[in-house]
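S.K.: Make a model of the complete structure from these sequences and hints.
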Amino acid sequence: MTKVFTDGLSFALPLLIMAVGAIYSEKSGVTNLAIEGFQGFGAFIGALIAVLLMPVMGNGSQAVIYIAMAGAALGGGVYACLHALLCINFKANQVISGVVINILSVALTAFFTSSANTAISGTSSNKLILGVSTRFSVPGLSDIPYAGGLFKNMYPFEIIIIALVLFFSYLMYKTRFGMMLRACGENPQAVDAAGGDVEKTRWIAVIISGALSGIGGICFAYSLLANFSPSIYLGYGYLAIAAMIFGNWNIGTTAIVCLIFGFAKSGGYQLCIAMGLPSNYSDLFLMLPYVLTMLLLIFFSKKNHPPKAAGEAWDKGKR
Amino acid sequence: MSEYIVEMRRITKRFPGIVANDDVSIGIRRGEVYALLGENGAGKSTLMSMLFGMYEPDAGEILIDGEKVVFHSSNDAAARNIGMVHQHFKLVDNYTIAENIVLGIEPMTRKFGIFPCVDIKKANEEIAELSKRYGLEVNPLDRIEDVPVSVRQRVEILKMLYRKAEIMIFDEPTAVLTPQEIDFLLGIIDGLRRDGKTIILITHKMEEIKRIADRCAILRHGRLIDVRNVADTSIQEMANMMVGRQVNMSQAKDEPVFRDEVLKVEHMTVKNEHHFDVVSDVSFSVRGGEIFAIAGVSGNGQTEIADAIAGLIKIAEGRIVLSGREITALPVRERAEAGISYIPEDRQGTGVVMDFTLRDNLALREYYKEPFSGKGILHFEAFEKYADELISKYDIRSAEESKTIMRSMSGGNQQKAIVGREIEEHAKLIIFVQPTRGLDIGAIENIHRHILAERERGAAILLISLELDEIMALADTIGVIYSGQLLKIAPASSLTSHDVGRYMMGVKEA
Amino acid sequence: MKTKRHILSSRLDGKYASVWVSVLAVVLTLITSGIILLLMGKNPLTAFYSFLQGCGLAPKANYGGGSGMLSDLSDFLNYLAPMLLASLAFIVGFKAGLFNIGIAGQMLLSGFAATVIVGYNRSLPAGLAKPLVAVIGIAVGGAAGALVGFLKYRFNIHEVVSTIMINYIISYLTGFFINNHFVDMLTRTSRICSPESRLTLTGVQIAGVNCKVPFGIVIALIMAFAVQFIFERTSFGFELKAVGRNIKCAKYIGIGVGKSLVLSMTFSGVLAGLAGVTYYLGYTNTIIPKTLVGMGYDSISVALLGNASPVGSIFAAFIVSIFQQGANYMSSIAGVAKEIASLITGILLLYASCGTYMKMKAHSVILRDASREEQRKEEET
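Protein chains in written order, with the working numbering: chain G, 1 to 319; chain C, 1 to 510; chain H, 1 to 381.
What the hints contain is simulated information worked out from the structure, not anything from laboratory work.
In silico lysine-lysine, DSSO-like type, Cα no more than 30 Å apart, as pairs: (1) H:LYS248 with C:LYS385; (2) C:LYS403 with H:LYS15; (3) C:LYS122 with G:LYS200; (4) G:LYS127 with H:LYS338; (5) G:LYS200 with C:LYS111.
Label-pair ranges, simulated between beta-carbon atoms: (6) C:ALA399 with H:ARG233: 23 to 31 Å; (7) H:LEU45 with G:TYR281: 46 to 54 Å; (8) C:HIS274 with G:GLU312: 23 to 31 Å; (9) G:ASN250 with C:GLU207: 46 to 54 Å; (10) G:ASN250 with H:ARG372: 46 to 54 Å; (11) C:GLU145 with G:GLU312: 13 to 21 Å; (12) H:ARG372 with C:GLU237: 35 to 43 Å; (13) C:ASP146 with H:ARG372: 44 to 52 Å; (14) H:LEU367 with C:LYS375: 37 to 45 Å; (15) H:VAL23 with G:VAL78: 26 to 34 Å; (16) C:ILE225 with H:ALA370: 23 to 31 Å; (17) G:ILE273 with C:HIS274: 39 to 47 Å.
Quick reminder that beta carbons are idealized off the backbone N, C-alpha and C, glycines included.
M.R.: Written as structure tokens, this is what we have:
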């Protein structure tokens, strides 16, 4: 049971940080189906930095992980500029742009991973092997029966994600910038008339979206795979988008949805083990998050209210 | 100090394909109400958008207090105390009134002494205070989506006041108001003038200018025609200068000849997605040869009535009967074939496919029938022939005739295309929603002529308009809607526009 | 006063604008990937030429016994068939305003169903097995597509999200069955299908070399023209286009929008299903479990490069297939990782998706030049 909480949380939090990224972009009025690509590209840059640093700083060094996270945020943020450019400046169809970004991300990272491996080690592997992240338990809290699992065997990145989510909630709901950003997604004309810069606000939002997704990606790379390979593209970026939809574009509710996803996934897996099913059946349980998402979408999709101006390019000349 | 607080000298502004302003010079004195009169498309809004920093002129200069200025954005204009109420309000629907007013210049506070936060409590207090001082009562905590149009306009005025505007531009402020609300607004404007503010009023309504303005500049086709003292100019003179020819102010209309009942709506209720009644228990009927007009302030359920009759939205209760046949449960196409034509409110969003050619758009009601198609195969010769016929009959002008992409046509011609397409169905009932909004006088006359001709033919006409003038000019019978209910149904001849205005604001019996 | 900029702009603004945009996208892609190759110290011309050689479109230096340029070409056509069908699948959805990102999943599901039902049934004669494979592809793909259309219409679920979810569900589900029941212990992929059921004849001797005869390419070309005809000449296609361009207007005009959405996704699924059977029972003859083919996504590049025109995508599929199919040979000759094929396709997609912007930009250049010209004339007089 504690395992359900531990694993659930380590799945839910990276998902949440990506969903927060998606919320930033969409609340500013840029439809964002590119989260999958952002997280993959960010994770690639983070992993590349880690692989380059590990020989220098020592294999066991945990500092590498933090630098990799910063690198992933940077990589995701820079890559997100492409989506911003296409959607905001080139006024491309935002759904197409998202799909393009995702496909290009898979292609870029696959190619550069194998090229980087050839350059670094001379072997053409499609994996960048990462170190192992240490884990820790919060003293006291982790001893609580059942729920203590939430505080047991935590990855350090989980704390960072929680801090980031709190900060970005504050930025979104309490500050002048956040008010402008949300207004951009509802009625950019109002922002323009109030002297705000719609394009700049949206650019910043999309870059934030990329940076946060990148962090989510590298966390998955560490927690799920301990390496970076094209198998990082598991569709979790889309799960984050689904979480955002159920969460009605609100960070608080989205957090709850992500936790449900996380616990459902780990719960299903633990159930599989408890029932003593052969390992072949794990495929069926890996399917769970996707099936759950479909079911949730079927039951909750109709009542949603996406930001009104999301998906429309902002044209200053047009009134 | 200069004589003028605002001076615009020899302003020229080009857009691809048109010259919006051609060498226009105006000077506005401190503390006056200065009107800009012109038809839609005469260049009034463009001129003022440049004063408000939304565009930069291609040639010419702008002086504020005798000092030359260059505005790159509305921020620059706001810094010189210029404010503007746009025709389409620029408000965030899901924000509160206070949040909308302070957006971008919010009062700030610090949480725990570190984190800067928007001080929404202070904003609410400030707005409450401001609204009381100017007699513009609003509740700062209401959300924009929950308040009526007239309150939204107050919010826009408060926004200017909060930003300490001294020069206030109003773009067609009365277009969607009731006569009583217009009175109120003109009172506010008068108060602002007494307060020393300079007001610029963009409008195409001569009566308002007569009532409130000191001077009036007339624009036509982007050129300045004249600047007059309002006191010395008659309404007829203004109208002639605005249009450039002798205008017949009153539309000739024959006495109605009513025939059999065509449309009967009984106890119709329509609910929105939140299960609120947007139309509640509405009953009325329209006879052949009758123009039945529904008057009301925007957002009181009139579009829903039209959509419900056309079959675009479901009704919760009631019956709709067309010439004795119940059509309540029929899908859209069967209703159209039973004899309903519909000119929708959102002409570009609903009435046409903007990426299709004019030819294909004209055939939207016919494409699946003989001779336009047979056995599922389209016959484009029939499309061409039909399009050419309608283009000449309805005077639809475009660059490449039937091959023109709809998007590249002017709004007036797009509307003529829709009106032509719908009228050609020779339906028993034709629903017109806001048929002339935003069009110039020529196009308006054209469309009004067609409406009257259809009435002559014996069609039942349901006209829904926000422009009370249009309703008073065309209607045989008027129904006034308020908050989803038809408060009053009476022959048009028995009502004055002030009577209608009173019902539009929800006053039950006078 | 005709500058190069003006000439280019007038091409991109003229009657054949879409064709010129695609040509420009290809040229820009070749330049971009050429620069990447140069930065890696490789000769781009050698690399590009070896792509062609790998596809049998240019002669190789030497050939193994029994094979020749024609064998490579027939392999290329064998690959081109599912690619073209997959891109047609995307186009059909796209015209009705739907983004079918689930082509890979629909291909996998129909390929799996045909493999299990027909491919492992050794008793069926070729004359019965081959049509049956196609029918199963159509039925299964169509059903998978219809589901997505239904979810969109009935529950307002964005098709991009639903198709991705369904992709993974299909991938794990078929993977589970293959691993448990149909796996070949040696290759860890599904057991190969019977030659009777395979849609490609292998080992056919033509002009003295071993060739493949893909029936898929015939199906694909017929479908391309059929799709073109449907969208250009039928009222069904007219309705789908109206739904895709303005769904509100389509409703207003009385088109059954729900029916149209479901039908277009069904049609899209049918084509994806055909792509699936021509891929899994034509090109590969086996299924790698838990793997969605890249072709599902490459087809989007093809469709956008072909300007969403069925006939245009014949050319676009041709170009994209050169990179994908020629990658292995190119890799062996030029020493560049074969993943560059996907990268080139991705870059192509990126440029193709900027098409609207290119046209818009060109249009504004033309207008600006025209108004400058006008102003100049005015000043002269």
